Amino acid sequence: MNNHHEHANGSDDQVPSGYAGTVFTCPMHPEVRRAEPGDCPKCQMHLVPEGEPSQHHAHHQHTGDAVEPNHLDSVPNDYTGPVYTCPMHPQVRQTHPGSCPICGMGLELESAAMEAEGPNPELVDFSRRFWVGAILTVPLLVLTMGPYLGLSGVREIFGERVTLWVELALGTPVVFWSGWPFLVRGWNSFRTRNLNMFSLIAMGVSAAWLFSIIAVLAPGIFPDGFRDAEGHVGVYFEAAAVIVTLVLVGQVMELRAREGTGKAIRALLDMAAKTARIIRDDGSEEEVPLEQVQVGDRLRVRPGDKVPVDGMVVEGRSSVDESMITGEPVPVEKVGGDPVTGATINGTGSLIMEATRVGADTMLSQIVEMVANAQRSRAPIQKYADKVSGYFVPAVIGIAVLAFIGWAIWGPVPALSYALIAAVAVLIIACPCALGLATPMSIMTATGRGAQAGVLIRNAEALERFEKVDTLIVDKTGTLTEGKPKLVGVYPEPGHDEVEVLRLAASLERGSEHPLAEAIVRGAEERGVDLAKADAFEAVTGKGVKGTVDGRVVALGNVKLLTDLGLDAAELRDKADARRDNGETVMFVVVENDVAGLFSVADPVKATTPAALKELHALGFRIIMATGDNERTARAVASSLGIDEIRADVMPEDKAKIIKELQAKGHKVAMAGDGVNDAPALAQADVGIAMGTGADVAIESAGFTLVKGNLDGIVRARKLARATMRNIRQNLFFALIYNTAGVPVAAGILFPFLGILISPMFAAFAMSASSISVVLNSLRLRRAQI
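Here full-length UniProt numbering is used: the first residue of the sequence shown is 1, the next is one more, and so on.
Keep in mind the hints are simulated off the structure, nothing from the lab. For clarity, every value in this text was computed on a predicted model and none was experimentally measured. Heads up, some of the hints might be wrong.
Claimed, not checked - Ranges between beta-carbon positions, derived for each pair:
no., residue 1, residue 2, range
1, Ala-539, Glu-498, 21 to 27 angstroms
2, Leu-750, Glu-31, 54 to 60 angstroms
3, Arg-527, Pro-604, 16 to 22 angstroms
4, Pro-380, Ala-169, 46 to 52 angstroms
5, Arg-573, Met-651, 19 to 25 angstroms
6, Glu-467, Asp-282, 56 to 62 angstroms
7, Gln-663, Asp-78, 40 to 46 angstroms
Don't be surprised by glycine CBs; every beta carbon is placed ideally from N, CA and C.
Construct the complete structure from the given sequences, taking the supplied hints into account.
Quick look at the structure:
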């Protein structure tokens with residue numbers, strides 16, 4: 001271990017030898033081990049019990065229930081209520097509303113399911129503050145700008161001193177009521193040493209107001225540098241009020257946009273049925289609230305009703321509109337044994353279903369949580385914006401000080417007034433809110449757009465990585481093909497009966513969940529073959545199955561299984577190759593250590609696969625098919641689809657090795673799969689893509705989940721990734737160019753040449769305009785063609 005990484009009190013592992021209690025470790029640094037809860041000495045992440053999954057919600061940065069004030073996560077371990085988090089800094093979590101200690105942004109509910117109906121309370125509050133500020137600022141502007149427009153009646157009637165008191169009376173409520181949230185957040189930013197946009201706003205507004213109030217109450221204390229030719233000291237109540245009002249305009253528009261991105265989640269939640277029609281054991285039916293439905297309940301879905309929860313059709317036949325989940329407009333035929341998904345819409349038939357997943361376990365609930373988590377996640381590109389912002393605010397404060405000094409020394413009369421105007425203008429125009437919004441707004445909009453198209457994004461990092469992927473590895477069964485193979489041929493060896501061979505093989509395969517096993521069992525049932533019970537069943541990963549049927553030892557699998565058994569099927573090679581050349585998968589059956597024949601199974605290619613592969617090639621992918629099938633079968637399928645490369649006879653663990661090999665050559669690799677055995681490869685890939693029809697563990701290992709499970713979902717994901725990253729770069733460009741140009745102009749660089757010195761009011765307008773441009777550009781992703 002490196003000494004500089006060791007804890008101050010000793011080594012990384014401080015668990016006494018022989019200790020039998022709970023051991024706490026860091027999810028990011030597993031070498032850190034403690035006998036009691038606490039924080040990691042390396043990354044300050046909260047230690048979790050050893051073996052506990054390192055999920056986001058487990059990363060609480062507190063010790064027990066006592067919350068240390070400097071920690072960003074103050075949610076107790078056993079807390080089950082609403083949690084509030086920052087949309088830009090998801091590591092900030094607390095049990096009550098407030099503002100982010102890092103950026104000052106208002107916190108939002110972490111769980112979309114806990115969001116209350118109605119508008120965002122912060123939006124309501126800021127809207128009210130804006131209208132009050134606007135009502136007071138308009139007459140203040142008329143009063144102060146009137147003399148320049150020939151409207152000087154008030155000053156002539158009441159005199160200069162009374163007019164100043166009227167300006168104070170109008171401007172002060174705007175600063176201290178309408179602008180109070182900005183002042184509080186600005187103060188907190190200095191108190192916690194997390195300088196942000198509110199630091200600059202609070203400094204600028206406070207400086208303008210303090211100068212003005214002193215000028216009204218004690219004008220005699222100001223030196224000549226603050227006085228005009230007539231000896232008056234200028235006041236800037238209108239500048240402070242306009243700054244607050246314009247910042248509120250930007251904040252209200254930003255909150256409206258963020259609320260709009262959240263509408264995708266709320267719209268999904270609203271799709272769920274509110275009630276279910278439950279069938280009781282006595283045959284009676286009752287309409288009950290959805291919350292009362294339990295796993296195993298039998299439910300009736302009438303024509304036109306929404307499917308209440310996830311389940312399996314028990315009786316009936318109907319077409320179900322699944323477009324809200326898959327994005328596909330064509331209804332899907334459902335019969336007994338078919339799965340149905342909650343919130344989809346039943347057609348004209350009546351169905352009786354059995355509930356298999358309810359509440360938070362339903363696909364709709366999981367989609368909602370996945371989208372919400374993705375919206376709060378941070379793309380790696382965000383770290384550059386964060387790094388710039390970290391240096392930017394102190395630099396701007398320094399520039400404002402230099403601008404004040406420069407104008408005070410070299411500026412025209414009244415030099416100090418010009419210096420104050422320039423310093424305030426620099427602080428306001430340089431507000432980095434556009435820079436902070438550049439990435440999160442695009443991510444929030446993109447994840448909602450993806451959900452509408454059946455593309456679920458686990459986090460922003462996956463979205464950014466997928467733009468750079470150049471190699472796509474796809475499984476064959478269930479990815480390129482329907483995943484519902486059919487038995488097309490039984491070829492017994494001389495001396496073996498076809499029906500008997502099929503009976504033995506199908507009886508054995510009843511213990512397997514593999515799609516090929518299901519094809520053989522279904523083929524036997526369709527032929528009216530009676531099946532027997534299999535004993536000593538054993539699945540040999542990547543090779544086949546073994547067991548005993550009616551006291552006879554039976555095995556079924558590929559050539560690798562025959563090799564393991566010490567057998568050779570040379571006499572069947574020509575027959576097997578002929579079937580493989582047709583794209584069929586061949587399996588050998590062994591009875592009592594004798595090759596009894598072979599089966600051929602065909603899995604039809606999905607109708608969407610050829611067009612999707614063509615588009616994927618156009619989008620820059622090199623496509624590799626990795627399959628456990630024989631090379632001849634794989635080549636037959638690949639050649640018909642135009643796949644660039646095949647890797648056949650691949651064991652499940654080999655897929656991860658193939659990905660490592662490609663990554664070692666500099667390729668960015670995405671893996672698409674749907675099975676439990678694909679999970680390691682999905683995790684190894686730069687981007688894992690799980691077919692939504694596959695296993696839960698595959699979905700958990702993936703960066704993207706395609707609800708429909710077709711390759712055209714990968715096309716949508718690639719287009720969305722490209723559009724999102726292009727949008728983020730545009731936002732960052734707007735924000736950086738704006739600040740690069742705005743700060744020098746606000747400091748007065750153009751004054752010696754063109755006589756231009758912008759006012760703090762114009763600086764506030766320009767600052768709000770930059771934020772609004774970023775928000776509007778991000779919202780264009782809602783209409784992205786994917």
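Hint check:
| no. | hint | verdict |
| --- | --- | --- |
| 1 | Ala-539 - Glu-498: 21 to 27 angstroms | holds (25 angstroms) |
| 2 | Leu-750 - Glu-31: 54 to 60 angstroms | holds (57 angstroms) |
| 3 | Arg-527 - Pro-604: 16 to 22 angstroms | holds (20 angstroms) |
| 4 | Pro-380 - Ala-169: 46 to 52 angstroms | holds (51 angstroms) |
| 5 | Arg-573 - Met-651: 19 to 25 angstroms | holds (22 angstroms) |
| 6 | Glu-467 - Asp-282: 56 to 62 angstroms | holds (58 angstroms) |
| 7 | Gln-663 - Asp-78: 40 to 46 angstroms | holds (41 angstroms) |
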